[in-house]
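Participant: Given chain A's structure and the hints, the job is docking chain B onto it.
Line by line, the protein sequences are chains A and B.
Taking the working numbering, I'd label the letters of the first sequence as residues 23 to 133.
Taking the working numbering, I'd label the letters of the second sequence as residues 5 to 116.
Please keep in mind that the hints were generated in silico from the structure rather than gathered at the bench.
Hints should not be assumed to be uniformly reliable.
Cβ pair distances, simulated, as ranges [as the list claims (entries may be wrong)]:
| hint | chain 1 | residue 1 | chain 2 | residue 2 | range |
| --- | --- | --- | --- | --- | --- |
| 1 | A | G62 | B | M44 | 16 to 24 Å |
| 2 | B | T80 | A | P133 | 40 to 48 Å |
| 3 | A | P133 | B | L59 | 24 to 32 Å |
| 4 | B | M19 | A | H79 | 43 to 51 Å |
| 5 | A | N74 | B | L116 | 47 to 55 Å |
| 6 | A | A103 | B | T42 | 23 to 31 Å |
| 7 | B | L116 | A | Q31 | 39 to 47 Å |
| 8 | A | S34 | B | N34 | 37 to 45 Å |
| 9 | A | P133 | B | P88 | 37 to 45 Å |
| 10 | A | T118 | B | P88 | 28 to 36 Å |
| 11 | A | V66 | B | N34 | 43 to 51 Å |
| 12 | A | S80 | B | P65 | 31 to 39 Å |
| 13 | A | Q130 | B | N55 | 27 to 35 Å |
Don't be surprised by glycine CBs; every beta carbon is placed ideally from N, CA and C.
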Amino acid sequence: SQQGEEDPQALSIQEGENATMNCSYKTSINNLQWYRQNSGRGLVHLILIRSNEREKHSGRLRVTLDTSKKSSSLLITASRAADTASYFCATGSGNTGKLIFGQGTTLQVKP
Amino acid sequence: DARVTQTPRHKVTEMGQEVTMRCQPILGHNTVFWYRQTMMQGLELLAYFRNRAPLDDSGMPKDRFSAEMPDATLATLKIQPSEPRDSAVYFCASGSNRAEQFFGPGTRLTVL
Chain A
23 SQQGEEDPQA LSIQEGENAT MNCSYKTSIN NLQWYRQNSG RGLVHLILIR SNEREKHSGR
83 LRVTLDTSKK SSSLLITASR AADTASYFCA TGSGNTGKLI FGQGTTLQVK P
Chain B
5 DARVTQTPRH KVTEMGQEVT MRCQPILGHN TVFWYRQTMM QGLELLAYFR NRAPLDDSGM
65 PKDRFSAEMP DATLATLKIQ PSEPRDSAVY FCASGSNRAE QFFGPGTRLT VL
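Extracted from the complex, chain A is given alone in its bound form:
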């Protein structure tokens, strides 16, 4: 079953612009993670934010988490053509390490 709903499903922007993707989930979580998937490849972990954190940065990535609204956003600043990929949020709860993934946002960055 899908925990996360991502919005938008697809996003197309010009190089240099910022890209924002949103994720909503249904149940309580320990952490929320974002992954990137290039076409034909496996998923790559980008960033993790814990349930007691509100914002986290990593390079050009900024993630926010609002547990009261059960939502998260991923901001990619100054996008590059190489950022073209699908981006997935995944929620973790309990202590099993199990993640439930959203359906993903497909980002296209035009050079």
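Facilitator: Only chain B this time, still in chain A's reference frame:
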């Protein structure tokens, strides 16, 4: 450069045949996950193991799918008999006591 490896990368088979997919987790990782990805269903968790013991395989069709970890360096996912609806990309991921998972490149399965 530690990576999860999966074999085969591509598999084309006929309906009714047995399919075995293999995964080598990152050395030292104690958790292994099997996922299936399709356009319609997205990424679905099929089964996962911790310290080689199966923790949850509720996402897996029991009548035809089986997952095992014969040792710490090998995880297998078998489908017998395979059906066209099993066509998908199957990913293996491994993890440690940290929360993030490391994915392999996937096995693209086509059942004719």
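Participant: Confirm or reject each hint.
Facilitator: Hint by hint, here is what the structure shows:
no. : hint                        : verdict
1   : A:G62 to B:M44: 16 to 24 Å  : holds, 18 Å
2   : B:T80 to A:P133: 40 to 48 Å : holds, 42 Å
3   : A:P133 to B:L59: 24 to 32 Å : violated, 44 Å
4   : B:M19 to A:H79: 43 to 51 Å  : holds, 49 Å
5   : A:N74 to B:L116: 47 to 55 Å : holds, 50 Å
6   : A:A103 to B:T42: 23 to 31 Å : holds, 27 Å
7   : B:L116 to A:Q31: 39 to 47 Å : violated, 30 Å
8   : A:S34 to B:N34: 37 to 45 Å  : holds, 41 Å
9   : A:P133 to B:P88: 37 to 45 Å : holds, 39 Å
10  : A:T118 to B:P88: 28 to 36 Å : holds, 32 Å
11  : A:V66 to B:N34: 43 to 51 Å  : violated, 21 Å
12  : A:S80 to B:P65: 31 to 39 Å  : holds, 38 Å
13  : A:Q130 to B:N55: 27 to 35 Å : violated, 41 Å
Figure legend: structure checked against the earlier numbered hints; hints not met, in rising order: 3, 7, 11 and 13.
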